[in-house]
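**Q** Take a look at the letters that make up each chain.
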Amino acid sequence: MSALSVTAATPDPALLDLPWDVPLELWPNDTIAALPKGISRHLVRFVHLGGEVVAVKETLAELARSEYELLRTLQRLSIPCVDPVAVIVGRTQSDGEALEPVLVTRHLRFSMPYRALFSRTLRPDTAVRLVDALALLLVRLHIVGFFWGDVSLSNTLFRRDAGAFAAYLVDAETGEFHEHGLSAGQREHDLEIAQVNIAGELLDLQAGGRLDDDIDPIETSHGIVSQYRSLWNELTGPEQFAQSERWRINARVQRLNALGFDIEELSIHTDESGSTVHIQPKVVDAGHHSRRLLQLTGIDAQENQARRLLNDLDAYLARHPAAGDDPEQLAHEWVERVFEPVVNAVPRELRGKLEPAELFHQLLDHRWFLSQQQDRDVPLAEALTSYLDSVLRHRRDEAAMYNPPTGAITLPIDIVDEPEADWRSKV
Amino acid sequence: MATVTFENATRLYPGSSRPAVDSIDLTIEDGEFLVLVGPSGCGKSTTLRMLAGLEEVTSGSIHIGDRNVTDVPPKDRDIAMVFQNYALYPHMTVAENMGFALKIAGVPKEERAERVLEAAKMLDLEPYLARKPKALSGGQRQRVAMGRAIVRQPQVFLMDEPLSNLDAKLRVQTRTQIASLQRRLGITTVYVTHDQTEALTMGDRIAVLKDGVLQQVGTPRELYEAPTNVFVAGFIGSPAMNLFPADVADGGVRFGSMTVPVERASLADAGDSVTIGVRPEDVVVSRTGEGLRVDVDVVEELGADGYLYGHTEVNGNRVDIVARVDGRDHPDAGETVYITPEPHHLHVFDRESGERLVPPITD
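From first to last, the protein sequence lines stand for chains A and B.
Numbering-wise, the first sequence is residues 1 to 427 according to UniProt numbering.
Numbering-wise, the second sequence is residues 1 to 363 according to UniProt numbering.
Pulled out of the complex, with its shape left as it was, chain B reads as follows (with noise of 0.2 Å):
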């Protein structure tokens, strides 16, 4: 088990101006389950393979636990790559399916027996370690899969996107499997998707990247409450944040009929204009006339609760809403409602810069 240590790690391909991964700075503690996430090309897949040692780094330096492992290759870095590969071996028992790569390692024979024996207990496959693989659930066949990995001891576990050959339904279980599985060993691990669910639902911590840049890392609430930036508060979350541009009023911003308090402080940089964001569980939903007039496009009822979306007009400009609303007792597609935010939920950002301009949110 160790840290893993990135120092101003960077990866510009030859040929590019732009580097794929900028300058990241990021420490995972020991036992850590850490998630890189953001949207296709924002660097995330870059990063993993760089502590990996598939990705050149072009300046900079990753650590794991003490030792600087930057022009270390792959195999002498002690880390193991998750489900690169579900193949299981239809002839041999589960017990050889998970030891055999130690053989190849040359681990003598004792303790490949001691290692996989650990782990089958860890993964709750002992009492199956005599039987071919054909005799397993799907779900025992994966935990196979992740033994082949454990057995070796690497002191990190590598996951780029292993869920995504999986369909909707084996995603969800597999997840959860794999996250408490993680707990359990403790062993430190690095795990990229595109997902943001996957990420709030499976991250001690969550590493939000775009364009080669880290933007804020935190555990999942932190990044929830306190986005530090628009991108993050737009990307995280599902449905996602409500963000539109607002006018800075005297003594908070304008909210359609409305002034929303706002502390004086943090708006004194932030010119006529701020990005404002709501999440939709924090907009407030009447007929009364007062706030943001929003016509309501459709209901999705979800049960208990549903989901609101309708569009208003901000300058001129249309902007789409969306709002938590009651799953038995909400307004109709074609009628108008009024909205207002949860005062203590409204995320302020600088309309220029984008970055956050109230303090985080601490209730």
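Bound-form chain A, shown alone (with noise of 0.2 Å):
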């Protein structure tokens, strides 16, 4: 392995003690992290690296470079994407064999594939926030010009994010940034491949008997469609109003914060009579709530847990009125004082199972819950003790969830005779 070459940003020494002379697929367990099987182009793995996990993707040199760039990209433009580790090329094995090069990403703690996120079967509102959030990905992909080209449930990682997901862009491989923007056409076309791949996934779901009865594949895949449809007028379309309804500008910035976007451009015009005003939002960005919390609090968090936490922190600066105070001092006493002993107060046996902003968002349903039952105000260490004992200990780990996991079928395996049921009953 004399010519193997390393592309990476930020190269991990650890990277060069892996076997990159042995095919992937005959890694040694100790290596492994997971063994995959599952649906994708090419063999992927979970291999262990240092304290990370990181997966390992055979694929061609020039598909492992572009993929690189591409994500090394997003990353630069604030998208959700797995972290691009290396692009190693020129693998060969102690015969002298050539390998297949491989691209190396970093598994993104908490994150999970959408088969991961349901014990039994996938129920309804499940369903819907997992195509919400993917929505909302393509939106954001779609605002920066960004082609994906096989949008899809697989190709994607979700966070818990306060109730809801927040979706990770992991399989770049049939991307294309378009530096013009997208046409119509394209954005139609990436919708019409979500539509079919997420009808395909729900569809094979239901064949192996894990879909709730009361979900329609087909029906939940036309969500994705009006979800984007509605996301993407709210965050592009021009919206024109008589003068004396100006208050609708702010209105539009409103809705759009509470949607977790920031307007940095809006365009403003009047009519040549200057009796209709038009405006249309020209450059939004994605994380309001998320930012403002980093900037007051220096925590960071998803867009919906940020929201839960600054309703939190909103509530603490009511009760703690002092004047003079300036809010950034008053967030701090707030990570100090509420935040951190909270963070701290959870066993280390259980830190793997939530990251600490979802956490903190789960004990203040709890503590909710637990006042509506009692019908007190439950103070919030009192609510920690409960919810550490009854609800967290009891949930699985998912700080490192890669199984069931995402994989390739790449090799022919013998035919299975089952028995032959009538096709037609079932097309």
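Please keep in mind that the hints were generated in silico from the structure rather than gathered at the bench.
Among these hints, one or two may not hold up.
[What the hints assert, rightly or not] Straight-line Cα separation of at most 25 Å, BS3-like style, residue types lysine-lysine; simulated pairs:
(1) K426(A) x K132(B)
(2) K103(B) x K426(A)
(3) K121(B) x K426(A)
(4) K134(B) x K426(A)
(5) K426(A) x K109(B)
Starting from two chains that each stand alone, build the complex the way the hints lay out.
**A** Written out as structure tokens, the structure reads:
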């Protein structure tokens, strides 16, 4: 392996210790974090690297390089996606035979494939939240001029986000950046691909007996189209109104804030008579709440988690009206007196179960539930004890959920003879 | 099934002064397999995407059959992009994998079954309809993926470098399968590739593009035997045609110590010098001393045949030369040989414009 070539932004020396001279399929068990089998074009395996887990995908050199660059560009644009670690080419076996190049990406802690988000069957509310999260991701990608080409639940990882999900792009192999923005045709094509793939994925769950009876796969797949369109219109659509209704400018800004977006640039012009105003957002930026939370407290959270934490922070500020104190100082106080004590009270062995911000959100939910049940204001410390014992302890660890994983059916397997059902009944 | 017509179709990106696709006029016949080929950035993918509705047409128009589709959304154009997605769902039968997209389109159940059966027959997949994809070989899985496009019964198939993520061996296999399947189906197909070998082996006709401009459209044979300009001459064929400058002489062009006869009329407007082209198999190699003197650098043996790689000097400039030689009996590296062209297979191009000067070779 003299000609091994590694391209990496921040190379981890431990990368060189992995057995690059062995086909990925045959890597020894002590390096493998899980053995995936599922739906993908290429063989993907999860591998231990230092204290982390990375996904290693065998692919063609030019595809590995272009995907690495696409992921780096998406990261620069603050689009949620997996973290590209390295491209490795020039692999050879000890007998000199060439091996396929690989793309290495870092596993996102607390992110999960959609199949890991339910234990037995996918329930309707979860399905809708997954599709909504994917629609939001697709809108954000299209706004920055990225055509995905293979939009699907399988090519996405999901992180819990205060009752909703935040979607992360995992597979950019078919993606393309268009510097002049996407045409309507390109956006429509991505949407059609999304719809077909989601329908296929849900029908597959149904065929495997893992879909709730109340879910109609086709109808749910239509959901991405309507959700995408309403988001797209809200984020980019023009609006016009009479001069006397100028309050609608602020209303639009507030609606976008509520969706989690800030307007960076809004075009406003009036017609010649001056009686009608036209507005259209030109540049929008996701992360309205998470940015504000980060600025005030230094806590990095998903958008809905941030919204939840900010609500609690606001309530804290209302309870502690100290004239003259600036909000940042009070926010700092909230972190020290409320947030951190909760996080630090979680026993070490339970810390891999949920991210701190998600845990805090669930604790607030739990306190609300207890207060309703007991018809009194349950203090946070009391709710915390109850939450740790009756909820958190019984959850599975989600810090490194890559099983059931995504992966590849790449190799032919012997024909399995099943009882020949009439295929017509299933088409 | 339908014809596809590009009329003066142009794609100009905002802020760009040169069109990505420049006034393309092209008619693709009903049932034809047309390959768009050219180097990276030549506009071949943009042309395909204009037909698919993914790129706007800045001026001109595109017709599928009699229908002007220039402003029709992609999903209403009755086209299918093949191989955009290889996903096969493990818990669904082959039949379900092939037919589920028809459910989304609201096709009634009876008709779904009919269409799936029809496609499966064409793809030799009928015995597997009730099975799960894990029971299939790699090639069968690809046919199922193809089946997903076929059941939609589109008027036109579009394929954009569909083999680019396959390894070399599977690529050659799949190339043959796609070409023979297309002939069986008889569905008009537009196929994009940067690989001229793929173009030559698959297409009924090939359209060569460069810098957004259509250079030549023709059968593989036409492009090979009568390239319309220096670009097509150098792009089509592997190893590439030898192209170098030559002086015009009385009755022909100078080729080292000899003059190769070229019809006077062809050279009437050529000036003092032309570009000549000779394919490696049309180079005659000898040790006689007549023709162009070439120093042999290396000989690549491929069994029955071999390729001689050497160099010569024309007007003080080094020119690399490739010649096909006998695989068993050939000069060796370090030797000096003389080459002459098969006179019937000499291509002559204008030195300035690069356009072909002699008429097509017809024998």
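**Q** Now tell me, hint by hint, if it's right for this structure.
**A** Hint-by-hint comparison with the structure:
A C-alpha spacing of about 12 Å is found between K426(A) and K132(B), which places the hinted pair at or below 25 Å, so the restraint holds. Using a Cα cut-off of 25 Å, the hinted pair K103(B) and K426(A) holds, with the two alpha carbons roughly 11 Å apart. Simply put, K121(B) and K426(A) have alpha-carbon atoms about 18 Å apart, close enough for the 25 Å limit, and the pair holds. Under the criterion of a C-alpha separation no larger than 25 Å, the hint pairing K134(B) with K426(A) is consistent with the structure, at around 18 Å.
Restraint check: the Cα-Cα separation between K426(A) and K109(B) comes to about 9 Å, which is no more than 25 Å; the hinted pair holds.
Checked against the numbered hints above, the structure violates none of them.
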